[in-house]
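S.K.: Chain A is already provided as a structure; the job is to place chain B on it using the hints.
First to last, the sequence lines map onto chains A and B. Going by the numbering used here, the first residue of the first sequence is number 113, and it counts up by one from there. Going by the numbering used here, the first residue of the second sequence is number 6, and it counts up by one from there.
Note that these hints are calculated values from the structure, not bench results. Heads up, a few of these hints could be off.
DSS-like, lysine-lysine: derived pairs with alpha carbons at most 30 Å apart [as the list claims (entries may be wrong)]:
| id | chain 1 | residue 1 | chain 2 | residue 2 |
| --- | --- | --- | --- | --- |
| 1 | A | K197 | A | K171 |
| 2 | A | K197 | A | K123 |
| 3 | A | K263 | B | K40 |
| 4 | A | K248 | A | K197 |
| 5 | A | K171 | B | K25 |
| 6 | B | K179 | A | K248 |
| 7 | B | K72 | B | K55 |
| 8 | B | K40 | A | K241 |
Some, not all, of what chain B presents toward chain A, calculated at C-beta under 10 Å [as the list claims (entries may be wrong)]:
| id | residue |
| --- | --- |
| 9 | S8 |
| 10 | P9 |
| 11 | F10 |
| 12 | L13 |
| 13 | R14 |
| 14 | L15 |
| 15 | V23 |
| 16 | K34 |
| 17 | L37 |
| 18 | S39 |
| 19 | S177 |
| 20 | G181 |
| 21 | L182 |
Backbone N, C-alpha and C fix where the C-beta goes; we use that ideal spot for every residue, glycine too.
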Amino acid sequence: MTSPASSSEVKYLIESSEGNTFDVSGAALRQSNTFNAMFLNIGADGPIPFTDYNEATLKKVFEYCEHSVNEENYSGPKHQDDLSKWDLNFFNEMDQKMFIDVINASNFLDIERLTSYCCERIARMLRGKNTQEMIKVITLPTAEELEAKQKVEEKKAAAAKKVAEKAAETAEKTETLEELPVQQLVQTTRNKLTRKYLSFSNE
Amino acid sequence: MSSPFPLLRLPGVVLCEVFKSLSIGEKIKLSLCSKRISSQINNARLYSQKVIVDLDILRKKIRVHSKNDEDSFEIFAITDSGNTLNSKSDQFLVTCDVVRDTSISIGTTFLSVIRHLLKMFQCKFSTSIDFNYMRFYQSTTSELFDSQLTFKTLTIPINGSTDQKMVFNQISNKFGLVENLRILFFPDPGFRPVFPSWPQNISIWSSSWFTWNIF
Numbered sequence: 113m114t115s116p117a118s119s120s121e122v123k124y125l126i127e128s129s130e131g132n133t134f135d136v137s138g139a140a141l142r143q144s145n146t147f148n149a150m151f152l153n154i155g156a157d158g159p160i161p162f163t164d165y166n167e168a169t170l171k172k173v174f175e176y177c178e179h180s181v182n183e184e185n186y187s188g189p190k191h192q193d194d195l196s197k198w199d200l201n202f203f204n205e206m207d208q209k210m211f212i213d214v215i216n217a218s219n220f221l222d223i224e225r226l227t228s229y230c231c232e233r234i235a236r237m238l239r240g241k242n243t244q245e246m247i248k249v250i251t252l253p254t255a256e257e258l259e260a261k262q263k264v265e266e267k268k269a270a271a272a273k274k275v276a277e278k279a280a281e282t283a284e285k286t287e288t289l290e291e292l293p294v295q296q297l298v299q300t301t302r303n304k305l306t307r308k309y310l311s312f313s314n315e
Numbered sequence: 006m007s008s009p010f011p012l013l014r015l016p017g018v019v020l021c022e023v024f025k026s027l028s029i030g031e032k033i034k035l036s037l038c039s040k041r042i043s044s045q046i047n048n049a050r051l052y053s054q055k056v057i058v059d060l061d062i063l064r065k066k067i068r069v070h071s072k073n074d075e076d077s078f079e080i081f082a083i084t085d086s087g088n089t090l091n092s093k094s095d096q097f098l099v100t101c102d103v104v105r106d107t108s109i110s111i112g113t114t115f116l117s118v119i120r121h122l123l124k125m126f127q128c129k130f131s132t133s134i135d136f137n138y139m140r141f142y143q144s145t146t147s148e149l150f151d152s153q154l155t156f157k158t159l160t161i162p163i164n165g166s167t168d169q170k171m172v173f174n175q176i177s178n179k180f181g182l183v184e185n186l187r188i189l190f191f192p193d194p195g196f197r198p199v200f201p202s203w204p205q206n207i208s209i210w211s212s213s214w215f216t217w218n219i220f
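Chain A on its own, in the form it takes in the complex (with noise of 0.2 Å):
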């Protein structure tokens, strides 16, 4: 159903990057400041596209979006050690990649409390810490290992480049007649021909 809501008990399809639809609750989806200036007045014809999230992402986006719609008005950020233990267990539960898709998803969708806790829990990981504990917490290559891995990946290429010209040069001595033993002579020209009559009888 994708009508203006009204109450809470209106349901919106919500449609993912992979073309999958899920039903979400008015109330929760009027915590996205995104869907109240494009939805709410209006309503919406059909699946809301939210197609540069994946369904995992969006669902989890509005899990937290369904379980905070009971709790009072947003009021600003709230501390990390303020968090109740079902938020808690909410953000222990993702891992990394899920972390930065839901971040990502709640930025779009305009969700400032999971938005801001989000923060909160990055700012976390950087507190207390001076900077080169800090470097180690964040993905930060340093010039020595930028150049470090620049130097294997040339030495990669240049192995592989040797690998590869060495196929070659194999490649090339097998195609040499007079190198081959009579048995694999008499094969090879066999397979030579049977390529041979092949190529004419699809002309």
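M.R.: Positioned in the frame of chain A, the structure of chain B alone reads:
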């Protein structure tokens, strides 16, 4: 989430929120991690805390704190000899304690540290000028005034020497940028200060000889 977190892959708005959640010290330390992070923090300057920067130029110490003083961070000079003044140069060798061994440097002079802070925060300055070491103050205070930066508090002791008169007259036309000006006069310095521009508040100490007529 034990693997390193790709902070710079987050959208700018989210990064801005993350920076807002950090304390003054955490933000300064983070800004030293890399140039890209530093520039992201600088981009969010308008949404950043308003801070007061106390310049202790003689002790080569900078204290950055919030208005209510609940959040503060100190940056100080590291000297080998223990001497705070560098007699060979007019510049102070100031190094932030967190700078060492990191990929980005905050700079080696008082002014470079101030410039770094100015890019990150909305700053107001506080300092007490000691005219005995005026040459150490001149470049710093002149640049701050020339950049039209505002002072929360400026303390000036005056004993009437020629150098002091000259410096006072140089900076007095910028007093409009000062919120609280404190002037400490030594017993009758034989100097009648002129105020081409006025600070918001002025307090004059040890000046029984200083009367309305002087204004």
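S.K.: Where does the structure disagree with the numbered hints, that is, which hint numbers, in rising order?
M.R.: Hints 6, 19, 20, 21 contradicted; others consistent.
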